[in-house]
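Colleague: Construct the complete structure from the given sequences, taking the supplied hints into account.
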Amino acid sequence: MAKLILLLLNWIFLCCNVAAVFEDQVGKFDWRQQYVGKVRFSHFDSHMQSSKKVLLASESNVFAALNTRTGELFWRHVDKTGPEGNIDALLQHGQDAVLVIGNGHLLRSWDIGVGGMNWEMVLDPGSFRSACLVGHQGAVKHLAVLKKTVISLHYLSNGHQKWVENLPESETVDFQAVYSGGNGEVYALGVVPNSHLAIVVYSLEDGEITKQVSVEAPWLSSIPASCSVISRGLLTCVDSTTMSLYTLDLHLQLEMTQIPLQTLGLDVDPGFRPSLVSHQPNPAHPPLSEFLLQLGPEHHLLLQHNDGQIVTLRDYKPALLASFATAGEKTVVAVMAPKNKTFYLLHDGKPEKLHVQAFLKKDDSVGYRVMVQTEDHTLTFIQQPGRVMWTREEALSDVVTMEMVDLPLTGAQAELEGEFGKKADGLMSMVMKRLSSQLIMLQAWIAHLWKLFYDARKPRSQVKNDVSIENLSRDEFNLQKMMVLVTASGKLFGIDSKTGDILWKHYLENIPLNAAFKLMVQRTTAHFPHPPQCTLLIKDKDTGLATLHVFNPIFGRRSQVTPPALPQPILQSLLLPLMDQDYAKVLLLVDDQYKVSAFPSTKNVLQQLQETASSIFFYLADSGQGRLSGYRLRTDLSTEQVWEVVIPTETQKIVSIKGKRSNEHVHSQGRVMGDRSVLYKYLNPNLLAVVTESTDLHQERSFIGILLIDGVTGRIIHEAVQRKARGPVHVVHSENWVVYEYWSTKSRRNEFSVIELYEGMDLYNSTVFSSLDRPHAPQVLQQSYIFPSSISTMEATLTEKGITSRHLLVGLPSGGILSLPKMFLDPRRPEVISEQSREENLIPYAPELIIRTEWFINYNQTVSRVRGIYTAPSGLESTCLVVAYGLDIYHTRVYPSKQFDVLKDDYDYMLISSVLFALFFATMISKRLAEVKLLNRAWR
Amino acid sequence: MARDLSFRVAVLFSFLFFGFINFVCCNNERRVGDALETDFSGLSVPLEHSFELDDTAKFVVRGTLLLKTGREPSVALSQNPLSEEDRVKLKEVAEVDGLYRIRVPRVSLQADRQTEWQVDGYLTAFVRACAMVESHLSDVITLHTDVSGYLIGVSIVTIPGACRGTKVEDEVDLEVFNTTLSIMAPVNAPGPETSLFLERMEQETEKKGKNPQEQKSFFAKYWMYIVPLVLFLMMSGAQDQSGGGASGRAAAA
Numbered sequence: 001m002a003k004l005i006l007l008l009l010n011w012i013f014l015c016c017n018v019a020a021v022f023e024d025q026v027g028k029f030d031w032r033q034q035y036v037g038k039v040r041f042s043h044f045d046s047h048m049q050s051s052k053k054v055l056l057a058s059e060s061n062v063f064a065a066l067n068t069r070t071g072e073l074f075w076r077h078v079d080k081t082g083p084e085g086n087i088d089a090l091l092q093h094g095q096d097a098v099l100v101i102g103n104g105h106l107l108r109s110w111d112i113g114v115g116g117m118n119w120e121m122v123l124d125p126g127s128f129r130s131a132c133l134v135g136h137q138g139a140v141k142h143l144a145v146l147k148k149t150v151i152s153l154h155y156l157s158n159g160h161q162k163w164v165e166n167l168p169e170s171e172t173v174d175f176q177a178v179y180s181g182g183n184g185e186v187y188a189l190g191v192v193p194n195s196h197l198a199i200v201v202y203s204l205e206d207g208e209i210t211k212q213v214s215v216e217a218p219w220l221s222s223i224p225a226s227c228s229v230i231s232r233g234l235l236t237c238v239d240s241t242t243m244s245l246y247t248l249d250l251h252l253q254l255e256m257t258q259i260p261l262q263t264l265g266l267d268v269d270p271g272f273r274p275s276l277v278s279h280q281p282n283p284a285h286p287p288l289s290e291f292l293l294q295l296g297p298e299h300h301l302l303l304q305h306n307d308g309q310i311v312t313l314r315d316y317k318p319a320l321l322a323s324f325a326t327a328g329e330k331t332v333v334a335v336m337a338p339k340n341k342t343f344y345l346l347h348d349g350k351p352e353k354l355h356v357q358a359f360l361k362k363d364d365s366v367g368y369r370v371m372v373q374t375e376d377h378t379l380t381f382i383q384q385p386g387r388v389m390w391t392r393e394e395a396l397s398d399v400v401t402m403e404m405v406d407l408p409l410t411g412a413q414a415e416l417e418g419e420f421g422k423k424a425d426g427l428m429s430m431v432m433k434r435l436s437s438q439l440i441m442l443q444a445w446i447a448h449l450w451k452l453f454y455d456a457r458k459p460r461s462q463v464k465n466d467v468s469i470e471n472l473s474r475d476e477f478n479l480q481k482m483m484v485l486v487t488a489s490g491k492l493f494g495i496d497s498k499t500g501d502i503l504w505k506h507y508l509e510n511i512p513l514n515a516a517f518k519l520m521v522q523r524t525t526a527h528f529p530h531p532p533q534c535t536l537l538i539k540d541k542d543t544g545l546a547t548l549h550v551f552n553p554i555f556g557r558r559s560q561v562t563p564p565a566l567p568q569p570i571l572q573s574l575l576l577p578l579m580d581q582d583y584a585k586v587l588l589l590v591d592d593q594y595k596v597s598a599f600p601s602t603k604n605v606l607q608q609l610q611e612t613a614s615s616i617f618f619y620l621a622d623s624g625q626g627r628l629s630g631y632r633l634r635t636d637l638s639t640e641q642v643w644e645v646v647i648p649t650e651t652q653k654i655v656s657i658k659g660k661r662s663n664e665h666v667h668s669q670g671r672v673m674g675d676r677s678v679l680y681k682y683l684n685p686n687l688l689a690v691v692t693e694s695t696d697l698h699q700e701r702s703f704i705g706i707l708l709i710d711g712v713t714g715r716i717i718h719e720a721v722q723r724k725a726r727g728p729v730h731v732v733h734s735e736n737w738v739v740y741e742y743w744s745t746k747s748r749r750n751e752f753s754v755i756e757l758y759e760g761m762d763l764y765n766s767t768v769f770s771s772l773d774r775p776h777a778p779q780v781l782q783q784s785y786i787f788p789s790s791i792s793t794m795e796a797t798l799t800e801k802g803i804t805s806r807h808l809l810v811g812l813p814s815g816g817i818l819s820l821p822k823m824f825l826d827p828r829r830p831e832v833i834s835e836q837s838r839e840e841n842l843i844p845y846a847p848e849l850i851i852r853t854e855w856f857i858n859y860n861q862t863v864s865r866v867r868g869i870y871t872a873p874s875g876l877e878s879t880c881l882v883v884a885y886g887l888d889i890y891h892t893r894v895y896p897s898k899q900f901d902v903l904k905d906d907y908d909y910m911l912i913s914s915v916l917f918a919l920f921f922a923t924m925i926s927k928r929l930a931e932v933k934l935l936n937r938a939w940r
Numbered sequence: 001m002a003r004d005l006s007f008r009v010a011v012l013f014s015f016l017f018f019g020f021i022n023f024v025c026c027n028n029e030r031r032v033g034d035a036l037e038t039d040f041s042g043l044s045v046p047l048e049h050s051f052e053l054d055d056t057a058k059f060v061v062r063g064t065l066l067l068k069t070g071r072e073p074s075v076a077l078s079q080n081p082l083s084e085e086d087r088v089k090l091k092e093v094a095e096v097d098g099l100y101r102i103r104v105p106r107v108s109l110q111a112d113r114q115t116e117w118q119v120d121g122y123l124t125a126f127v128r129a130c131a132m133v134e135s136h137l138s139d140v141i142t143l144h145t146d147v148s149g150y151l152i153g154v155s156i157v158t159i160p161g162a163c164r165g166t167k168v169e170d171e172v173d174l175e176v177f178n179t180t181l182s183i184m185a186p187v188n189a190p191g192p193e194t195s196l197f198l199e200r201m202e203q204e205t206e207k208k209g210k211n212p213q214e215q216k217s218f219f220a221k222y223w224m225y226i227v228p229l230v231l232f233l234m235m236s237g238a239q240d241q242s243g244g245g246a247s248g249r250a251a252a253a
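Chains D and F are the protein sequences, given in the same order.
For the first sequence, position 405 (counting from the first letter as 1) is numbered 405 according to our numbering, and the numbering increases by one without interruption.
For the second sequence, position 239 (counting from the first letter as 1) is numbered 239 according to our numbering, and the numbering increases by one without interruption.
Since the hints were derived computationally from the structure, they do not count as laboratory data.
Fair warning: this is a prediction, and the values are worked out from it, not measured in the lab.
Treat each hint with caution, since some may be false.
Unchecked claim - If we take Cβ atoms under 10 Å as the criterion, some of the chain F residues that face chain D in the derived model are:
1. D120
2. A131
3. H144
4. S148
5. T194
6. R200
7. F232
Unchecked claim - The calculated lysine to aspartate or glutamate pairs, modelled on EDC-like cross-linking and capped at a C-alpha distance of 16 Å, are:
8. K746/D / D86/F
9. K681/D / E700/D
10. K801/D / E735/D
11. K58/F / E640/D
12. K353/D / D406/D
13. K211/D / E165/D
Where a beta carbon is used, it is the ideal one built from N, C-alpha and C, also for glycine.
Modeller: The following block contains the structure:
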């Protein structure tokens with residue numbers, strides 16, 4: 001009989017946990033956007049006339065091909081992050097694209113048609129300097145790779161090394177560039193800074209040094225920055241100190257010819273470092289004799305070298321960017337002039353790079369398309385008449401933080417809300433208000449009717465339910481929200497969570513490179529007519545100086561409210577539950593003098609702060625000194641230190657501190673045990689989970705420390721050490737539990753551990769929780785499990801009322817997002833099954849957590865390099881909205897306890913209503929019959 | 001011997017108590033710290049407290065913590081009763097809802113570092129002064145150490161912890177501290193329990209092997225229940241094939 005119960009129990013668990021998408025649900029509730037990152041190299045595929053590919057290699061170590069018609073990805077390869085996968089160079093010839101990866105560690109060739117790899121070669125060690133394609137007699141068959149000490153030549157077809165030679169005098173000479181003009185020779189160009197230029201010529205056939213010269217060039221420090229090879233092997237350099245162009249024929253001369261820019265009638269903008277751009281359309285032929293010279297931020301020149309003379313062909317001023325492109329035999333120069341102000345309007349970012357695609361039209365004239373890369377990492381593809389074909393927001397590949405904001409109510413709902421939300425100020429004005437709101441509702445209704453009528457006349461295919469900023473409104477279950485994303489480049493996005501469309505974007509200029517961002521929702525949409533308000537705190541990590549950007553999260557516009565100037569470095573910011581008279585939550589900023597400023601700082605707010613000051617506590621953490629200290633606010637907005645905990649930095653360092661989410665609700669105060677008694681949870685909203693890692697990384701002595709500290713009193717509630725463990729540690733802290741994941745150095749595996757806190761069988765004070773009045777320490781239960789994969793990030797699901805059971809969403813490096821039921825991470829899982837544990841539905845303890853494939857919420861929609869998962873509750877208790885971001889962005893809904901509050905899609909309404917109607921009529925008829933019968937009986 | 005020693009220490013403390021009661025207001029913490037370098041097999045550090053009407057921290061010595069170092073650290077406390085003046089002040093502070101703070105210096109309980117402690121900071125904690133008064137000075141002080149025996153935190157709670165506004169009339173109740181003191185080292189977090197699990201699995205397989213009746217398949221054992229159930233379902237299912245499916249979901253709406 002016990003077996004039967006066990007089996008039944010298993011059945012129940014299986015039933016509870018099986019949740020997967022059906023084939024027809026794919027893409028219905030979820031979407032994914034794939035990105036490339038900030039583009040470093042790009043090439044248009046020009047070997048075929050009809051080709052519509054552009055190859056991109058990005059700073060995020062991604063190599064991809066885009067469709068130039070739509071901007072969508074053809075294929076994408078994501079390499080390792082960090083310097084290992086860094087793409088040093090991209091060379092393209094015909095159908096092949098060759099990448100140099102990881103500071104000259106690997107050479108990879110890809111077939112650009114299908115994105116498959118042709119070959120891969122591991123190169124000799126040495127730091128990478130330059131690479132180029134080498135052509136000879138009209139055919140390109142080799143490529144040369146220049147490293148710090150060696151130069152090697154490889155076959156383009158299979159990557160095999162043809163020859164490798166040591167560079168002469170590589171200790172003193174810094175070789176920086178390699179050049180080939182298609183005449184059977186490879187030139188390695190090196191420089192001894194501020195002394196001379198070294199040129200070594202190798203024979204293509206056997207790598208023999210055919211010539212070695214050194215040329216006086218005391219002004220030269222970097223070849224790629226100031227030199228370029230033009231026409232038939234003429235090295236041309238520009239120097240800003242002497243204001244001259246220098247030319248050197250690589251074949252003949254032994255000395256550089258100086259051409260002062262003044263003789264050409266040119267002048268460099270003060271403080272600008274001029275640069276040269278040449279163009280070599282085919283590696284088998286020498287470069288063109290025309291070249292571009294940039295003399296100022298908005299000044300470009302097209303020059304030509306002609307019989308030893310340099311002549312100005314054209315002066316482009318103002319010109320932001322200039323670039324060459326070739327189609328067939330023709331080469332065009334594209335220049336971007338700043339009078340095209342639409343760019344600024346479109347993106348708010350300065351253009352950085354210009355990629356031009358030139359093609360021959362049917363009438364043999366040259367057509368061209370342009371891909372512009374701007375400061376905010378946006379790619380814009382423009383066709384000849386100036387039509388924008390597509391834009392890609394590559395900034396979204398680096399989302400730092402995000403929030404989800406409820407959409408506003410429809411006009412009519414909002415109007416009603418506003419009417420009841422306000423205080424009454426007299427009968428007359430109330431009547432007027434009612435009348436005006438009715439009028440607005442009528443207006444909206446007529447507009448709706450008109451739209452219906454208008455749409456009905458159009459063919460069905462043209463009627464699209466476009467989501468635009470104007471018709472955004474909350475749906476009945478609040479499933480559609482506005483995602484506000486902050487990216488590392490300083491660009492903010494507002495994305496519709498239902499479709500993934502970008503509804504607004506806002507580029508913040510002058511963001512420091514190492515900025516830390518914190519996004520806070522100060523006022524939600526619930527307070528009509530006050531607009532919702534988000535505040536972004538941007539802090540320079542080095543100086544601590546911060547700025548505030550206050551905006552409306554629905555429209556992305558900067559708010560009317562002027563944020564306070566923050567002259568002092570900011571240590572901590574906290575959003576209080578207090579609200580000002582306009583329903584904006586109060587943001588407190590603590591500066592390095594431990595003075596507190598409030599935003600908004602109206603009289604009302606200051607008064608409220610004075611009243612509640614003695615109950616406002618906050619903590620500061622200084623991981624450098626291992627110091628955690630608690631402060632209390634004084635009525636004059638200064639602070640006083642009330643507690644201090646110091647963790648000695650010699651043995652361990654604080655790596656993360658996690659509090660609980662403020663919008664989390666816990667439905668049940670306790671757990672019902674097998675014997676019908678209740679085990680009460682220790683629900684301390686001020687609890688902090690502090691994770692430390694040992695400084696000693698020896699595998700026997702390394703450890704991870706977990707401290708649970710009350711953020712108000714500084715009381716250490718629990719202190720545990722996980723020995724023989726190492727980070728990175730991922731922590732989730734919610735309700736009465738903390739889950740963390742670490743690497744066990746002893747067993748060489750990833751492990752999960754869960755800590756749960758319980759008050760015990762009776763609650764100390766059931767009405768309200770106060771950190772100041774909880775004298776008894778909670779009971780602490782802990783259990784650990786083996787996890788078969790490493791993880792990238794972890795977050796817990798969140799629902800409106802907290803009734804639904806919780807799941808952990810685990811982002812795996814493989815790109816899957818696993819929805820792991822919290823039920824499996826429960827320290828009360830019994831080792832030995834008893835009657836009571838069975839009653840309580842506890843799963844017997846098993847040391848390993850198994851990854852079930854049906855737990856992947858993103859089925860085959862791999863999310864590359866997940867860095868964070870954001871969860872938000874929806875209006876439906878069963879449903880939690882999930883956004884996973886990393887290189888890609890993926891949004892879906894999860895139902896941890898299945899959709900218990902929603903009818904199925906295929907629910908048979910017809911059947912239930914017909915049954916109801918039938919019953920209704922049956923009762924009517926039978927009632928009538930009964931009446932007749934009764935009457936008859938009475939007559940009898 | 002131990003008794004003798006503690007007696008001597010107690011005498012010493014009472015002597016010291018009389019010594020500094022005259023300048024309670026002065027900051028004499030260093031002097032006490034220096035003076036207590038006794039031949040005790042451990043470390044003695046001052047436990048200081050502060051309660052001021054304006055909530056500024058002015059720490060004065062409340063007692064002395066005797067930390068026994070070594071493998072199993074333990075702690076003892078000898079403290080002096082509150083003076084008349086302090087009792088009045090504590091009650092006044094409690095009335096304005098001030099804080100009662102304590103602090104201990106950061107020290108290591110490791111044997112090799114015990115010879116001398118130099119002040120490189122303090123660990124502080126607080127309770128509301130009213131809780132201190134209403135609990136008649138019954139407090140629970142816990143010292144926390146890290147893995148290497150360094151003190152990292154101190155916590156104080158009173159039992160009961162609430163401030164109900166009850167007046168403490170009798171001054172005598174506020175004279176002597178009723179302190180429960182403990183020292184806590186971090187607990188070792190458990191790793192995955194593989195050995196026990198494997199043992200249990202083995203036991204189960206053994207049990208199965210011993211009991212041949214257990215080896216029977218599920219169907220073989222319970223056919224007498226299943227067959228009538230299936231028959232019943234077939235009989236009932238044949239009658240209303242349409243209505244059965246939807247009813248399960250409808251209830252959830």
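Colleague: Indicate, hint by hint, whether the structure satisfies it.
Modeller: Verification of the supplied hints:
no.	hint	result
1	D120	9 Å, holds
2	A131	7 Å, holds
3	H144	5 Å, holds
4	S148	5 Å, holds
5	T194	5 Å, holds
6	R200	7 Å, holds
7	F232	18 Å, violated
8	K746/D / D86/F	55 Å, violated
9	K681/D / E700/D	35 Å, violated
10	K801/D / E735/D	12 Å, holds
11	K58/F / E640/D	13 Å, holds
12	K353/D / D406/D	38 Å, violated
13	K211/D / E165/D	14 Å, holds
The earlier numbered hints that this structure contradicts are 7, 8, 9 and 12.
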